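There are 2 protein chains.
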Amino acid sequence: MYNIGIDLGGTNIATGIIDENCKIIAQTSVKTNAKRPFDEIIADMVTSVKEVVNEAGLSLSDINSIGIGSPGTIDSQNGIIVYTNNIEINNVPITSKIKEEINIPVYISNDANCAALGEVYAGAAKGKSNAVMITLGTGVGGGIIIDGKIYEGTKSAGGEIGHTILIVDGWECTCGRRGCVEAYASATGLIRQTKEAIQANPNSIMNDLIEGNLENTSGRTAFDAARKGDAAAQKVVDTYIKYVGEILVDITNIFRPEILIVGGGVANEGEYLLKPLNEYVQKFSYGSKYIFVPKVERATMGNDAGIIGAAMLYASKN
Amino acid sequence: MYNIGIDLGGTNIATGIIDENCKIIAQTSVKTNAKRPFDEIIADMVTSVKEVVNEAGLSLSDINSIGIGSPGTIDSQNGIIVYTNNIEINNVPITSKIKEEINIPVYISNDANCAALGEVYAGAAKGKSNAVMITLGTGVGGGIIIDGKIYEGTKSAGGEIGHTILIVDGWECTCGRRGCVEAYASATGLIRQTKEAIQANPNSIMNDLIEGNLENTSGRTAFDAARKGDAAAQKVVDTYIKYVGEILVDITNIFRPEILIVGGGVANEGEYLLKPLNEYVQKFSYGSKYIFVPKVERATMGNDAGIIGAAMLYASKN
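Quick mapping for you: the protein sequence lines, in order, are chains R and E.
With our numbering, the residue at position 242 of the first sequence is 242, and numbering never jumps.
With our numbering, the residue at position 294 of the second sequence is 294, and numbering never jumps.
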């Protein structure tokens, strides 16, 4: 039995076909060109599906389901992308439009949910039933897996862990609230904190790394300078780790999952990030002297997680 | 079919028997006397069970299950009270001890979970499958109901909504972390904020209400004075409502439940509290322009919720 996963991104549409062992056996990628009419994007998704089926030496009758991971607010029950600021679509009944072209069951969920499901089926959380993943990228995504299935909440509008509070009345968040996790713990938030530290410490190694041009600041700048022994950079890193640690403690206290998974660009810092995060969660989780505290582990599937998770949506929905 | 619920509190052990409509048909209450040997407490629980069965004109063979709501950290799968600071017990295998005396299935969960389940079966959330309840009392309790069942997490250690972050590096919490919801949004937190405001505003109506003695400050002081038009008290109330609002927005963004229930002593402020909370949740929940936002409603079952929820644990566990 084979399933197809489509990772619909703001830049690329990545489509893959997976076998029964959740291995991707064929895949393709086309540019999203997000500004064009959405019907054209759907047509490219349909073409991509047919392409990977051919490439795998299969026919459409071998395919059990198609799953889509999409950014934004998804009404997964009705197969509708309600709203996303990455692609110019609102209230598009995407699953039924694809089903018109290919008569196979089509499922959809948020891309962060699919990434978490992919890690559960094939990555860091393989064999676990309860896992929560956060993605530290441009924003902070959240994916909650309970009993092996995505937890989405009413109208699929839950799971927005990036939009929980870290500091009341804190920095403005893109969602209209102040002090959200995303404002501080995203790569965007890290860059903001790094820039502030550079301006306050013009002699820091961070300023050398960006060649004196704040525009060159990235999510790596503070980590790289801290590794070279820069005190101001270390302070940025410590504060950032505390912020991420606080989210992970919150997730632990609310869900007490079997595992906490960290993905996204910032997770590339590896043990330099994960070791202190594990210590933080162990120290501050509720009742950690008496009861189980989950390990923090790095996502292992990279972009494949989105495809595999999308392909496995059928199992999460049934 | 009848089920028995035992609400094991630090002060009283309240035991009730419910019918198929979740109506309490007989109940009894004895003092916990929390400092005595726990075997004596268990003996009183067994006696209470037999009492309510007699009082209802039934025999033990009419009883389907016994459920216990207990404070503290509960390993519900193994029927063990792992730790509670209210009663002198650690690692007591309570369900098997009761089963030794009465051969009926015995279930246990945290008391906040039972209260939430009681509201779902018979109170504010009747007919709903997904609900989250917070209890604003000495601490802040949380009960999460997903698909009609209590969500407990690994080793039953989840659901601690009171121990999620509100302000990084904020006030110390009893759990060892800083800035938890419980530190600010509990009645204890409200009293602290009220006392600070009284000291800063000795001419406020709040100071009259407590007759100049800070020890008389209660969770009602600021609300009562605000209703009389006291500006300093209104500020305390507004800040407190913002704190509770932030938790409820977090719960909405994470779970998007069908309903948010507020219980505990502070909920007695009624619409004076609920109206601004509803406005807050409507305004700040993620994507509230596009998608469903749950209503905030007051718990309606009072102490009965704990008994009814405990009695219905069998349904939550199967």
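Misleading hints may appear alongside valid ones.
Because identical chains share one entry, a pair is satisfied inside a single copy or across any pair of copies.
Derived pair list, reagent style DSS-like, types lysine-lysine, alpha-carbon separation capped at 27 Å [unchecked claim]:
no.: 1; residue 1: Lys-155; residue 2: Lys-242
no.: 2; residue 1: Lys-128; residue 2: Lys-149
no.: 3; residue 1: Lys-242; residue 2: Lys-195
no.: 4; residue 1: Lys-35; residue 2: Lys-275
Hints in this document: simulated from the structure, not taken from any laboratory.
As the structure is a computational prediction, the values presented were derived from the model and not from experiment.
Now the hints, each set against the structure:
For the identical chains of this complex, Lys-155 and Lys-242 are inter-copy neighbours only, at 26 Å across copies versus 32 Å inside a copy, given an alpha-carbon limit of 27 Å. Taking the shortest Cα distances, Lys-128 and Lys-149 sit within 27 Å of each other both inside one copy (11 Å) and across copies (20 Å). For a Cα distance limit of 27 Å, the shortest separation of Lys-242 from Lys-195 inside one copy, 18 Å, qualifies, whereas the shortest one across copies, 31 Å, does not. In this assembly of identical chains, Lys-35 and Lys-275 lie within 27 Å of each other by CA distance neither inside one copy nor across copies; the values are 41 Å within and 42 Å between.
Checked against the numbered hints given earlier, this structure breaks only hint 4.
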